[in-house]
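S.K.: Chains as they are written, first to last, in this note's numbering: chain A, 12 to 417; chain B, 1115 to 1778.
Watch out, some of these pointers could steer you wrong.
[Stated by the list, open to error] Stretch-level coverage of chain A by chain B, calculated; a stretch enters the list once three of its residues show a Cβ under 8 Å from a Cβ in chain B:
hint	region
1	21 to 33
2	358 to 370
[Stated by the list, open to error] Restricting the straight-line Cα-Cα distance to at most 35 Å, the calculated cross-link-like pairs of lysine-lysine (DSBU-like) are:
hint	chain 1	residue 1	chain 2	residue 2
3	B	K1759	A	K379
4	B	K1481	B	K1399
5	A	K361	B	K1481
6	B	K1708	A	K353
7	A	K404	B	K1127
8	B	K1555	A	K348
9	A	K353	B	K1478
10	A	K325	B	K1127
11	A	K31	B	K1127
12	B	K1275	A	K361
13	A	K247	B	K1127
14	B	K1149	A	K361
15	B	K1190	A	K49
16	A	K353	B	K1190
If you are wondering where the hints come from, they were derived from the structure by calculation, not from laboratory data.
Virtual Cβ for every residue (Gly too), placed ideally from N, Cα, C.
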Amino acid sequence: MAKCFALMGWSLPVIESMQKLNKPYVVVSFPDFEGYAKENNIPFVSYQFDEWSDTSNSLDLYEKLKPFEVDVAVPLFEETVEWAGALNSIYRGDPRVLNRAFLFRNKAMMKRKALIGGLRVGLFEEVYNKEGVKNFMKRLNQANLQIDGEQDSWVHIKPFASAGTVGHRLLRSMQDIEDKCQESDFPCLAESHLPGTEFSCEAFIHGGKIRFLNITEYVKLGYSNFIPEGHHLNSKRDKIMKEMQKLVDLFGIEYGMIHPEWFLTENDELSFGEVACRIPGGHILELAAKAYDFDALGAFVLCHDPNLTEEELKEILPPLDARPKNFYGNVMIYPHKNVINKLEIPEELKEESYFLDHNLIPPYTNQKINSREGFGNHFGTVNFKGEDPDRMKELLLHYENVDFYH
Amino acid sequence: MHNQVLTDNTYQKFEELLQDFSQATALTRPEKAQKMMGQIDLLIDTTEGLDFIFQNIGGLSKAGIFDGSPWADPSKLVASLVNGTLKSGHPNSTIEILSELRLLAIANGKIKIKGCSSDDAENFIQEVIVANLEFVFNEPLEETRLVMSDHELKKVHTLFKFISEKTKLDNVKEKLVEELTLICEQRPVVTEKQRKIIALVKEKIELDPTVDLDSRLLKFQRCIYRPTIKTVNTNYQEYKISLKKLSKEQLEEESIAMSKSMLSFGLVSQYHPVLILFLIENGHKNLVPFCLGLTEAGTARWREYEKFISTLILKTIHPFNAQCIYGLAKMLESGIFSREAVRSGLANMLTVTIHPEVEERILKSTKTPHEKVSALQYLMGALFRVLGQPLGVGQGNNPTCQSARGISMWSQHAPAKLINMVQTAATYNDLTFRFEAQEIKASEVGLGLVQNLDHNLDAVSVTLVPMLDKIYNEMMLNASGRAEDPHKWVNPALYGQWIQIGFASAYDYLFNAIVDFDGFIKVFYAMCHPKYNGGHRLIYPNPVGIFITSSKGDMLGFHAISLLRVDKDPKGKYRAYFLNPNNEGRQDWGQNIKPSVYGNGEIYGESSLPLHEFAARIYAFHYNNLEATDKMDNVPDEEVQKIRKLARESWGRAYTWLETKKIW
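Chain A extracted, bound-state conformation:
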């Protein structure tokens, strides 16, 4: 049993879970949260994560955490993955733990590792400017035997180390590269477009083995997903499980949770997209918690503890073969207009038997909508619950296009 968990990053729901589970913890986050932590008796160490210097580094943080007897560090956000990796290297006496953390933080390195290990990946390359992307697209077009007048092959560019969809651009043509790419995008990873149904896995790992696997079906990236996976994906579960264990072995993950994204083609081939090891976006763990009726955030933290016993594992995780009766899905709502004044919940939603709840915030008068960065700033989420995954998919697709803001 861990003596104390260092929660790397500020998350109230995680803190609440730790309190309810009655586990020792300390929160490490930016000084901004110190006041709130003090008021609410939350053990807290303030740290400037975005500073890296002689006085701000993992050894210094290690010293600061000593009084709390921390022996496990848990990364909650993308930006704290290396910090947690560095601390855990010290706690476990294994320098490779830090290297693994870097693997999660560099998408090019991550892909190379996957390729070496025999996972199917798209064509990818590090690019440093627009010319680089154009050359990449050209080579891809050649490989795809493009004939004059045919469409260009689609290319995605992603920053090496950003969460989810932040900075992710889809480029459909040479002109797109010209129009959409910014100087500040580079250097970054360029990769070919992977066809197929996109889904993510949340694998809770202990002792290098997957102890629980959640599959999240993406209805539309950045907009909607549901849990557990629908019938078709479910029928591929064994295959997915096999590929997942391959990934775990390959990356040498021993403790914690990984959240990779995969593509399943019509020919039942799985392609690896990317993988993260922090709390996934899109309220995925919230949905998983409801669908499987377990404390997903608590389990996320506890799995990082090498000393967790089999009993404790069993208690906190659902059985490996669990298949819930109810599907939980959500759709993130973005305004469709540039200036909004009102929030209106459509009547059809109120009458929808799958509709569960929403947390949409009314706008202030004449609120102007800034252009979106990634899929970051949605106005809230609408949640659904029901027994038929096909109906769920239909609803999520439908509400993505309904105007809630006028």
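Got chain A; can you put chain B on it based on the hints?
M.R.: Structure of chain B alone, referenced to chain A:
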């Protein structure tokens, strides 16, 4: 109204959210509360949903939904703030509604909270009701309509319906008298609102005739429930039998008493039709003028067209179609019957077959349709009211001020045309208009401004407005893109050729700014101010566009009214007398500009303002361009500057102002 059936699912979802909320620690409470409030927001726009939340209010309060908010301590709430909070939308309006439900529960002894006794809670709720009569009677002010969504309005109205049924209303008497006076002094064509208040008072408040305030409320009540001594403790059927025993002298007395009751507030009781039909059917036609309370001129007209009008009465009036008697009396007074075209039109109306869709709208607009009264009868009755009370025409809760203004104008100046329009619309559910040598047919053009007509209107309006609205909108589309306000061309085409050719607008489309406001005001004064226009009176109503401003003077939107006349009020001050189709008596346009509806020389249905205050809200009007430009130099600069200041510091803040001089 949408009738949501509360399923088990709804209850279960609420229970789940409440449980989530109760179990959350202080850390995630705000987030859970937000979700639960979202759910409550959706539930409380129906009475069932609101009642469900009311049943759970103790639990919600205990779970801490009010904790850490300004609503935490019920003894520290301020009743006068409630109205503003309700208008500010979810989540504020939702928690405000929960707070009222909690007070109601305290008042009813359902729950107990330290520091707030059941009497305290009761008093608070009464204060809230007084300050929110617009919601109690679902007659939101123009400002409210502009800022609240339909869902929010429904929520708030549902709340007030709910709490006014569950509370005593003794402390709100004074406010109710004021409210009733404000409404009745305007003699509106639709009398549902005042009837609702009067019925509510009758049902909920014990009145003592020896107390002044009570006796004033009783006067309103008697107009409807016992207009004469002989109607006391008698229903209208029994009253009919009792009339047979009366002598001629007694019938005359009864007629005088009946009309006196009607004229006091413009409200007609169910006994009145019984009496007037009895008089006509039993050879007492000479008593009808007493029964209608006619002057000598009115009586003379009755005598002239006695036979024709008797037929109209017999075919139209019924105890369930009573209110039109007042309109008929006013028609006799105004002399409208002397026009051959009007008599022909009315005679034609009696023969039409009403289109089923129009019939449906008419019956929907009738609060208590009676099987013995046909849609045509209701339509005829409404026509009497509109023709007799042109300034009583209102738009209801619809954004159709243009159409209401038109109906009022035609009723005054082209009544036969109006009757003919009603006849066409009622028969074919369609209308055609001419616009610049083109025909515009309502059934062939796109949507109008209103998609869901609020049927709280008179039968003439529900017949015409859906089509007028579409035609108006189509005319606006045709006239747009001309770099000037389309109303310049649409107003004359819609309302008629009496609209002046000259059109002044403070807003300039090319510059997207207010240009030469001083010149604009000078033209306005030269058009209507007797001191500067050569001592002339206005002849026809002038369709004027005004800025609607909030009580803080903030720009809210645009509105259409008619300027009827400019005259000295009883104190010798020049005032603008105008028709505001939204029939509001309690308007506050900010900067202490508050239109009045009585007491300042208004005739029934007029609103008025000191002329310079009125001028400070206008943005467009028509004028005689051959005439006004000569006279605009007479208008003194200091008067213009006074108006300019008011305008700039209110709606003017929303615009750029340019001082380029224009040629008017």
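S.K.: Taking the hints in turn, state whether each one holds.
M.R.: Okay, the hints, checked on the actual structure:
| no. | hint | in the structure |
| --- | --- | --- |
| 1 | 21 to 33 | holds (count 6) |
| 2 | 358 to 370 | holds (count 8) |
| 3 | K1759/B / K379/A | holds (31 Å) |
| 4 | K1481/B / K1399/B | holds (31 Å) |
| 5 | K361/A / K1481/B | holds (29 Å) |
| 6 | K1708/B / K353/A | holds (29 Å) |
| 7 | K404/A / K1127/B | holds (21 Å) |
| 8 | K1555/B / K348/A | holds (33 Å) |
| 9 | K353/A / K1478/B | holds (30 Å) |
| 10 | K325/A / K1127/B | holds (29 Å) |
| 11 | K31/A / K1127/B | holds (23 Å) |
| 12 | K1275/B / K361/A | holds (22 Å) |
| 13 | K247/A / K1127/B | holds (33 Å) |
| 14 | K1149/B / K361/A | holds (14 Å) |
| 15 | K1190/B / K49/A | holds (29 Å) |
| 16 | K353/A / K1190/B | holds (30 Å) |
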